[in-house]
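Here the protein sequences come in this chain order: A and B.
Residues 1 to 372 (this note's numbering) make up the first sequence, in order.
Residues 1001 to 1372 (this note's numbering) make up the second sequence, in order.
Calculated directly from the structure, the hints in this document are not laboratory data.
Where is the CB? At the ideal position from N, CA and C, for every residue including glycine.
Possibly wrong hints are sitting among the right ones.
Here are the computed distance ranges between Cβ atoms for each label pair [to be verified]: (1) A49(A) / D1163(B): 45 to 55 Å; (2) E1141(B) / A49(A): 41 to 51 Å; (3) K1350(B) / E141(A): 46 to 56 Å; (4) G1247(B) / E353(A): 51 to 61 Å; (5) E187(A) / S1047(B): 25 to 35 Å; (6) L1188(B) / G126(A): 17 to 27 Å; (7) G1247(B) / H272(A): 24 to 34 Å; (8) G77(A) / L1296(B): 30 to 40 Å; (9) A1172(B) / S47(A): 51 to 61 Å; (10) G212(A) / L1296(B): 25 to 35 Å; (11) E146(A) / G1247(B): 42 to 52 Å; (12) R1345(B) / R103(A): 47 to 57 Å; (13) H272(A) / S1299(B): 24 to 34 Å; (14) S1088(B) / E146(A): 12 to 22 Å.
2 protein chains.
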Amino acid sequence: MPDSTDNPSDTTAAAVEGKAGRVLAPRRMGGGRRVSMREVAQQASVSVATVSMVLNDNPRISKATQIKVRRIIDKLGYRPNRLAQSLSSQYTRVLAVLLPPLRHAFSDPYFGELLSGICDRADRLGHKVMLESAKPDFLRERKHMELFERRFVDGMFCLGVNDRHHFVKDFAAAGFPMVCVNNYFPELKLDYVVADYRSGAEQVMNVLLQLGHKKIALINGAPEAQTARDVYEVFTARMQDAGLETGEDWTADGRFIEEGGAEATDEILERHPDVTAIFAGNDKMALGAMHRLVELGRSVPGDVSVVGFDDIQQMAFVNPSLTTVHLPLYEVGARACELLVQRVRGKTDKISERLATHLVLRDSTSIVSGRG
Amino acid sequence: MPDSTDNPSDTTAAAVEGKAGRVLAPRRMGGGRRVSMREVAQQASVSVATVSMVLNDNPRISKATQIKVRRIIDKLGYRPNRLAQSLSSQYTRVLAVLLPPLRHAFSDPYFGELLSGICDRADRLGHKVMLESAKPDFLRERKHMELFERRFVDGMFCLGVNDRHHFVKDFAAAGFPMVCVNNYFPELKLDYVVADYRSGAEQVMNVLLQLGHKKIALINGAPEAQTARDVYEVFTARMQDAGLETGEDWTADGRFIEEGGAEATDEILERHPDVTAIFAGNDKMALGAMHRLVELGRSVPGDVSVVGFDDIQQMAFVNPSLTTVHLPLYEVGARACELLVQRVRGKTDKISERLATHLVLRDSTSIVSGRG
DNA sequence: GTTAACTGCTTAAACAGTTTACCAGACCGT
DNA sequence: ACGGTCTGGTAAACTGTTTAAGCAGTTAAC
């Protein structure tokens, strides 16, 4: 297929291309001729300062000049260069989202929902969003600080952080706006927006106890996260309140992933074959648990009820559909974005919010079976 | 705060500040004192041009000066301001990802995987990634062009685009680097990287036919996408090759979502209650189909085999685990990123690639049942 | 009728780098 | 001793905005 002559005998195509008598000449690729404020000013017979003020709706410009300049702007198709704007003004109007360096973190619907909320709201507030992954190298080279120091961004969202991530303190120390999204650090005084994990866990325990379950296990993820500890505490407290057996051996770590949920299920079944309900700290672990249970010949919810947490998209469509706690992740992201923008604009008082959660009853839970 | 006397009782600070008796005074929050190239130059007793050349490893700088300047840079903790860098140089080193305006697009693992690949590779290549959603307003206001014109970005990825998205032509017309990620336009000569949908579909058809299926239905998404048409064409061709019944009524639109997959399944069952296999154009529709089948009392794969497409994360853990075509979405994203960066750097010859796909056999498929 | 305030715009100094053109001194051959 | 080529560096122009300070001309105040 060596086709050295391109488009032979094609005389019409170029003309057909249409619109603006093409053949835009050699000017460097990247679009025609860039128009600067200078040229607008010249054509309008005013100074660049005037053009700038017109663009910023400065009231010191007369109506007449406004219109005259705007007309020229439209005529020339002028677009202000935002690098220059940001350089001389205070703001970049860009926010960064720092994601944990998990394998393919973006494809996790949990982070996806948060991200959706952040991006949509940022857009509405006139901000751009930049993505970063908190890899070890990234942090070691202090790139998270560089983002601010080199004026890439005005503010930062931290997702999926926990007590082991000491870098979260750096931002506050340097005075850079940052908000933790869906996690918090009671002792650190950082800005945050979270879903109400405690309330969600309470609702789960209520329904499981009401269904008559007495042998309930908890599969949880990183205990380094305050939200995970919240769930654990509620679980333990409610079991004790009900006078039921609890403790370390009724808990297993599922690392917040499907495989982990499956393995944790093995552990639990080994220690307590008579378990009748499993409460998982997120939906992915719940899915792993259900999968393993079915593999081992236990029916869900017939033999064992399973409850998840997060309410990510697919969970309404797995078999059986999963009972879970709906977290308003989209809203958490959106709200975090609003608060961060306020911070960037100079708001100084403490910023934190807790959004309500609610249980979604589906088919993975049922009244305890005979032997329970 | 009327402070008519400037810097009262401050005799030393002003002198220390250096250069132009500054009076930087109440420096706004956002980290301590920002160091500029100027100050590095002064302390090192060289010109700013020299400092700039040191930073850019210009060979015209002597080893001695290199070291001297770098020492000062480290001492002062100087970080070049990238707004100024981008303003005077050619590049911003930022790429944009344009996502379709689907409800909560980010939480779709399909886009997530592509995004992961893009971001990881961009990071390695020294580029930042910005997120945008192609909402109607966004396009109407030509914000997709503004991103380039206002020098926000050097290049752009388009995800989830199809023939209805006329804006994809705008980039090429204006000479802005853009690459289509996992879709393509045979007649448009745009840069793209795709997974090999045809080969994937061939593999699916091979296995279904080998398992003895004769009544096979296809649930597909937007026929406006070339990749979807590829799947459809292979499906039809292979059915005809095998002398089996095919046609419009053996196909249904599932809009690429779970609900759509479920509804499409209803349609198909109504038209052909004797169907023994369903081939879905993506995993979400396959999940919806399985859910509906089970709901209606048909067992998977006992009564009906189901095959998906994409191989998104959770599909190994649903019940039954889904047989599907693995698309190397992460690699597609990563490769697209490499190609886009080449384009940005001036590469001019056509850029396009097709990455291999392979079938992943799991538990949602089996040999055709008795009556088949 | 002079001073004061306001209007509407301009000038020029930031902002923080890159890059081109030039220049002084060292080195070299004749 | 003199012109030519390197070397390593500098000064200045340039990127495209914002914004503080300044300045005519008009109006209002006393």
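Hint by hint, here is what the structure shows:
With their beta carbons about 47 Å apart, A49(A) and D1163(B) fall inside the hinted range of 45 to 55 Å. At about 27 Å, the CB distance of E1141(B) to A49(A) disagrees with the hint of 41 to 51 Å. Taken as a hint, the range 46 to 56 Å is violated for the pair K1350(B) and E141(A), whose Cβ atoms sit roughly 37 Å apart. Checked against the given bound of 51 to 61 Å, the beta carbons of G1247(B) and E353(A), roughly 55 Å apart, stay inside it.
Distance hint for E187(A) and S1047(B): a CB-CB separation of about 49 Å, inconsistent with the stated range 25 to 35 Å. Between L1188(B) and G126(A) the beta carbon distance is about 32 Å. The supplied range of 17 to 27 Å is therefore violated. For the pair G1247(B) and H272(A), the supplied restraint of 24 to 34 Å is violated, since their beta-carbon distance comes to about 55 Å. Under the hint 30 to 40 Å, the C-beta atoms of G77(A) and L1296(B), about 58 Å apart, miss the expected range.
The given range of 51 to 61 Å is broken by A1172(B) and S47(A), whose C-beta atoms sit roughly 38 Å from each other. For G212(A) paired with L1296(B), a C-beta distance near 30 Å keeps the hint of 25 to 35 Å intact. Taken as a hint, the range 42 to 52 Å is violated for the pair E146(A) and G1247(B), whose Cβ atoms sit roughly 59 Å apart. Here the CB-CB span from R1345(B) to R103(A) is close to 30 Å, at odds with the stated 47 to 57 Å.
Between H272(A) and S1299(B) the Cβ separation comes to about 31 Å, which falls inside the hinted range of 24 to 34 Å. Our hint of 12 to 22 Å for S1088(B) and E146(A) holds, since their Cβ atoms are close to 20 Å apart.
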